[in-house]
Amino acid sequence: MQLKPEIKRFLDTLDRSSRTISTYENALNQFVYVVGEDADLTPDNYAAFLTAFKSASPSTKNTYGSAVRKFYKFCKAGHAEEIKDITEHFTRQKGKRFVNFDREAVETIIAYCSQLSGNLEALRDRAFVLTLVDTGLRISEACGMKRGDIDWMEARAIIIGKGDKQAVIRFSQRSIEALKDYLHARSVVDPNSRIPLGSQPLFARHDIRASKKIRPITAGGMWKAIKGAPSQGIKGRIEEAGVDRSLVRIHDFRHYFVTMTYLAKGDLKLSQELARHESIATTNRYAHYGSETDKAYDEIFNKRSE
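All the letters of the sequence shown, read from the start, carry residue numbers 111 to 416 under my numbering.
FYI, nobody ran anything at the bench for these hints, they're computed from the structure.
Built from N, CA and C at the ideal position, the CB exists for glycine as well.
Treat the hints loosely; a few may be bogus.
In silico PhoX-like pairs for lysine-lysine, Cα to Cα no more than 25 Å straight-line [to be verified]:
#1 K345 - K334
#2 K114 - K180
#3 K256 - K164
#4 K413 - K379
#5 K180 - K272
#6 K272 - K334
#7 K194 - K180
#8 K405 - K379
#9 K379 - K272
#10 K183 - K171
#11 K334 - K405
#12 K345 - K379
#13 K256 - K183
#14 K272 - K171
#15 K322 - K379
#16 K334 - K323
#17 K275 - K171
#18 K322 - K334
#19 K375 - K345
Derived CB-CB ranges, DEER-like [said to hold, decoys possible]:
#20 R304 - Q112: 31 to 37 Å
#21 V298 - K186: 56 to 62 Å
#22 S224 - D408: 26 to 32 Å
#23 E191 - E214: 22 to 28 Å
#24 R280 - S224: 16 to 22 Å
#25 S303 - K114: 28 to 34 Å
#26 D122 - A374: 43 to 49 Å
#27 I305 - A406: 54 to 60 Å
#28 K275 - D122: 22 to 28 Å
#29 E191 - R304: 44 to 50 Å
#30 R213 - T392: 35 to 41 Å
#31 K405 - S303: 22 to 28 Å
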């Protein structure tokens with residue numbers, strides 16, 4: 111069987127978001143790279159593919175494995191029981207893992223970025239960091255937003271998030287104010303733009319190549335602005351804040367958001383809803399913060415009467 115024509119037929123039948131289709135296409139191209147263009151859709155080749163990606167992140171392994179299994183089913187390759195056994199072998203669940211990040215470092219960065227002012231890049235980065243930590247948005251979700259997505263009166267937005275699902279995002283007063291400061295300053299960049307205001311990106315590029323046009327910034331571009339890229343001579347906001355860039359991941363801003371919502375209310379279901387976690391088990395990874403065990407320990411060792 112020639113795999114590439116079959117892959118094209120399979121992708122053409124998918125009724126999924128363009129992002130999901132692109133991810134599946136990449137996964138199946140990797141499958142062809144591993145097993146060969148003329149390979150048969152056998153359990154051994156499926157196992158060989160999973161073996162090639164055994165050191166990848168859990169999310170990558172799950173997504174890639176899912177794409178290949180659906181392709182096998184589309185092609186009526188059979189071997190369902192063997193494929194199921196192989197999948198269980200490669201995706202055996204490990205023990206529970208708590209979320210752990212350097213909260214002090216994250217708060218140092220937040221404090222630094224809250225004071226950024228001056229040029230458009232500074233105002234954008236201030237608004238971007240405050241948006242991440244006060245909404246729980248993922249970096250790709252924030253970069254994909256348009257100005258018209260925000261209901262400024264209600265300080266909320268409806269977005270298409272992970273899994274192609276709609277979700278309501280709530281903005282804090284400080285994040286709204288930071289966004290308004292940034293967008294007001296940005297109004298001089300391209301005052302005669304043919305792009306309607308509501309269709310313009312919420313966060314834009316302000317490098318030399320962007321010229322005097324409103325161009326959307328990619329998740330990679332914002333990642334470099336915040337995290338930096340030493341190999342390219344780019345110093346990010348994390349280092350400017352005096353924090354070692356290796357101590358903080360961009361996703362830690364989302365971890366911070368979920369942690370603060372849980373510490374404030376101690377309500378896992380509420381935190382799950384605000385974080386848009388599909389499963390309560392994901393939110394439960396934050397439950398070790400401010401737990402009853404912590405309170406009991408503090409009472410025993412730190413608040414004993416003399």
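Here is what the structure says about each hint:
1. K345 - K334: 8 Å, holds
2. K114 - K180: Given pair K114, K180 holds - Cα atoms ~15 Å apart, limit 25 Å.
3. K256 - K164: Measuring from Cα to Cα gives roughly 37 Å; hence the hint is violated.
4. K413 - K379: Not OK: K413 and K379 at ~31 Å, beyond 25 Å, violated.
5. K180 - K272: 20 Å, holds
6. K272 - K334: 22 Å, holds
7. K194 - K180: 12 Å, holds
8. K405 - K379: 21 Å, holds
9. K379 - K272: It holds: about 19 Å lies between the C-alpha atoms, which stays within 25 Å.
10. K183 - K171: 18 Å, holds
11. K334 - K405: Given pair K334, K405 is violated - Cα atoms ~39 Å apart, limit 25 Å.
12. K345 - K379: The hint is violated at about 39 Å.
13. K256 - K183: Distance ~38 Å between K256 and K183 Cα, so the pair is violated.
14. K272 - K171: 17 Å, holds
15. K322 - K379: 45 Å, violated
16. K334 - K323: This hinted pair holds, its Cα atoms lying about 20 Å apart.
17. K275 - K171: 21 Å, holds
18. K322 - K334: Given that 25 Å is the threshold and the Cα spacing comes to 21 Å, the pair holds.
19. K375 - K345: Distance ~37 Å between K375 and K345 Cα, so the pair is violated.
20. R304 - Q112: 31 to 37 Å: 45 Å, violated
21. V298 - K186: 56 to 62 Å: Cβ of V298 to Cβ of K186: about 60 Å, so the range 56 to 62 Å holds.
22. S224 - D408: 26 to 32 Å: With a Cβ separation near 30 Å, S224 and D408 satisfy 26 to 32 Å, so the hint holds.
23. E191 - E214: 22 to 28 Å: At roughly 51 Å between Cβ atoms, E214 and E191 fall outside 22 to 28 Å, so the hint is violated.
24. R280 - S224: 16 to 22 Å: Given a distance of about 19 Å, which is inside 16 to 22 Å, the answer is holds.
25. S303 - K114: 28 to 34 Å: 41 Å, violated
26. D122 - A374: 43 to 49 Å: 47 Å, holds
27. I305 - A406: 54 to 60 Å: 57 Å, holds
28. K275 - D122: 22 to 28 Å: Given about 24 Å between the Cβ atoms, the range holds.
29. E191 - R304: 44 to 50 Å: Violated, at about 58 Å.
30. R213 - T392: 35 to 41 Å: 19 Å, violated
31. K405 - S303: 22 to 28 Å: Given a distance of about 54 Å, which is not inside 22 to 28 Å, the answer is violated.
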